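There are 6 protein chains.
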Amino acid sequence: MTDPSLSDQPGHPALSHLRSDGSAHMVDVTGKSETKRVATAQAVLRTRADVVAQIGDGSLPKGEALGTARVAGIMAAKQTSNLIPLCHPLPIGSVTVDFETSVDSVRILATVSTRGVTGVEMEALTAASVAALTLYDMIKAVDKLAVIEAIQVLEKSGGKSGDWARPSTGVSA
Amino acid sequence: MTDPSLSDQPGHPALSHLRSDGSAHMVDVTGKSETKRVATAQAVLRTRADVVAQIGDGSLPKGEALGTARVAGIMAAKQTSNLIPLCHPLPIGSVTVDFETSVDSVRILATVSTRGVTGVEMEALTAASVAALTLYDMIKAVDKLAVIEAIQVLEKSGGKSGDWARPSTGVSA
Amino acid sequence: MTDPSLSDQPGHPALSHLRSDGSAHMVDVTGKSETKRVATAQAVLRTRADVVAQIGDGSLPKGEALGTARVAGIMAAKQTSNLIPLCHPLPIGSVTVDFETSVDSVRILATVSTRGVTGVEMEALTAASVAALTLYDMIKAVDKLAVIEAIQVLEKSGGKSGDWARPSTGVSA
Amino acid sequence: MTDPSLSDQPGHPALSHLRSDGSAHMVDVTGKSETKRVATAQAVLRTRADVVAQIGDGSLPKGEALGTARVAGIMAAKQTSNLIPLCHPLPIGSVTVDFETSVDSVRILATVSTRGVTGVEMEALTAASVAALTLYDMIKAVDKLAVIEAIQVLEKSGGKSGDWARPSTGVSA
Amino acid sequence: MTDPSLSDQPGHPALSHLRSDGSAHMVDVTGKSETKRVATAQAVLRTRADVVAQIGDGSLPKGEALGTARVAGIMAAKQTSNLIPLCHPLPIGSVTVDFETSVDSVRILATVSTRGVTGVEMEALTAASVAALTLYDMIKAVDKLAVIEAIQVLEKSGGKSGDWARPSTGVSA
Amino acid sequence: MTDPSLSDQPGHPALSHLRSDGSAHMVDVTGKSETKRVATAQAVLRTRADVVAQIGDGSLPKGEALGTARVAGIMAAKQTSNLIPLCHPLPIGSVTVDFETSVDSVRILATVSTRGVTGVEMEALTAASVAALTLYDMIKAVDKLAVIEAIQVLEKSGGKSGDWARPSTGVSA
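Chains as they are written, first to last, in numbering that gives the first Met the number 0: chain A, 0 to 172; chain B, 0 to 172; chain C, 0 to 172; chain D, 0 to 172; chain E, 0 to 172; chain F, 0 to 172.
Hints should not be assumed to be uniformly reliable.
It does not matter which identical chain is used: a pair holds within one copy or between any two.
Here are the computed lysine-lysine pairs in the DSS-like style, where the Cα-Cα straight-line distance is at most 27 Å [what the hints assert, rightly or not]: (1) K139 with K159; (2) K159 with K143; (3) K35 with K139; (4) K159 with K31; (5) K159 with K35; (6) K139 with K31.
By construction, these hints were calculated from the structure, which means they are not laboratory data.
None of the values given here were measured: they were computed from a predicted structure.
Please model the entire structure based on the sequences and the hints provided.
In structure tokens, the structure reads:
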């Protein structure tokens, strides 16, 4: 019996068809309209106070950390659809990566915009995550116990679902 | 004497010009109009009946084969213009990869759509080919003689040349 | 005055040299010995109970989530040195990605091994992070508030620093 | 109950563990010894006699086909572990891509060597496949019905399994 | 005190903010209009007369040089936004790479077009540079002293700044 | 008649063989011994004095230039074998990128080391070139006439050919 999910394909009868309804696929976005879309996401690197100080004064063994992590995050945003299997490639319009330090943590904020057919949450999350992993790489010689926390979308705008901001909670750093 | 093929370039006389008329190049698609385009392609992995059974029941040494091949095919569709030198990058709108098994073969069907200026045959063929290679990789420990066959476009729609479907023949699996 | 950090380079006097001592660089590992090295890292995706149920029964809009995230994590491990600027390329010897679900979270465990000159913590962290981002991508249509937490190294072995395991705390999921 | 497949990981009790024994993974090759390994694979592009003539005389719309396909195949060999999820990265030692034409087909032969811990069949198959797809891309304007056939390993040497050559059959072009 | 540069982001007070006004970022191009844009750039490989002869007659140890460099340049144009951190991904519409030889040099001319929101100077420069590096790679066994010179934009058209051509000087090869 | 260059391949008679002796190929390095190898290369960006000042004080429209170019150069070194078709992948052991400024130019110095079977000249040249292209990208809004010059190897050590340094000339910046 032919799988109805293949009914738009040429008439080769399926002898034994393995597609389940739940198989992974890139959903069709060709009918969606292009609008400006923006998303901001964060990640938080939790470490020790002396390590945050070293990040700030450039004395880490691998060198200047924040500028390196910023470039890594920007470049990672452009790799999102190559890393996340079901993400669509998008014409990324801008990327910024910023840092806020507290006593024992660094918060990474990534904002991505596009004029495209899908949102850019995954691009912002990927930029923040890779920037955080880059910071981790630069401090791991001095802190084996660092943790990356609270990777989440903070707000987004554009598209069918409109503007959205994460309700305030105590979750973020 | 200046090569006329360079006549749109600044006036630096060519002392000895090596471009032949037949040199490879990415043809200009900037004047083509964006329309929805879809293509379906296939590849067939021919192996043994017991291997097809192992693909189905997940008992291969490297683990679950079809889901892995599906993801590989989807991701490969997005790499097409990085693998095929003269392909244009396209905003891929959807990718599906499906499998049909017969006694001693697995047929891979890949469908790709875009809203773009060129067709997506190469993307569909690349998805089907890489999914087939991934299956091959997972069975090669149990079948050195497997063969990938019948990689071809089955149908396409959109663009100047309009809808097209491969005439029925005995070629496919 | 010549920057002493350039003293091993040919004798071109620096008119005005911009390298600060703290500039980023890939540290030299050519003198380190090859040993087997293994690292395990985790990430935790916190969401809702009904979403964890959908992950389990394959009813998400984009399809089967865990198998897709596993493949994404494995492939990301191999991209680590392309994503993290100061990471060294390594001959990755194995990658596994596993999942544990609780009521409202999914914990991703990634283990990477190599026979190489540096540790594979970053590869394990990258695999876990990208697998978590892939899960996020698959549930974001049903949960805008999901958070990725507790990305950390759990244990590692091999290399000069020897075996290490994270002390038990209440940090992990 | 803890999944025994995780017994080498830190003692976090699995609340509900989703790993089945059949999950996909990159198998561990860190214990294998480095030896010289070589593999030769083929792909066959079946088209029309007039198209083979155009391939030969450089009159295709996109330009010189064989040289372009050769470079594409060589570069694809180096992307194998980025395309095939469970392939290990290998220090590729050489790649050659050659062509044989008959009346209505072009046979691509790719040979890859390494001094590494796993065989290079997948690298040779990937090189042959991508070279064939590149030829297809260059002729698709003049032949919609072309088919890529008979992708298979012809012979390999090195490694535990020793030398092997495909038994002669009528399968190849 | 909150950095005003973050004023468009959710209200999380910055404890200690590290962003300086001069931090690197991908500037926002989402408001720019799509027009056809073209750019031509060059690079010059300076070597010896006998090496230019070997390039021409295909007798170099690694084989045919110009066709290989042409394909490398075309493929590199498509990698520009992955190599240059702050470049935007663009739908590249065409790429040509041509060569002119004089007695002791090879001049590479790369022309790239797009229908997009930013210019393609970087794509043309990247194509020319990578084609020149590829030639260098193929001759380095016979000339250690080769130099790549005069990488520059020759002309561009399209976009807000309109048409532009480099004033004639003695700079180019 | 069979092409002798294929004599090491299975006995399929070539009906019409297209390989010329001069075809491009990755030469075999599997028999070469691993030694430590180091190479230093340079590129020079020639611009205006006021632009060099802007590079130094971080007032360019796209932000901090030298740190961004350094990271781009380091990451590009790891992409060398993906950009240059006949380059072998190498386990890069270290990369440094430094800058020297004069009145109207910036000289980029890139040093790469490996413990491998081939030299790292191409990696050092690629790092220097991409760092220079990145600087170009950041200043092109203020200087359309900038030129990248004098890309060359300065010295190398290791391997069969031993240590080598470029003879002093007036060529470099």
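Tested hints:
no.	hint	in the structure
1	K139 with K159	between (42 Å within a copy, 15 Å between copies)
2	K159 with K143	between (43 Å within a copy, 14 Å between copies)
3	K35 with K139	between (38 Å within a copy, 19 Å between copies)
4	K159 with K31	both (9 Å within a copy, 22 Å between copies)
5	K159 with K35	both (11 Å within a copy, 21 Å between copies)
6	K139 with K31	between (44 Å within a copy, 18 Å between copies)
Every hint, counting from the list given before, is met by this structure.
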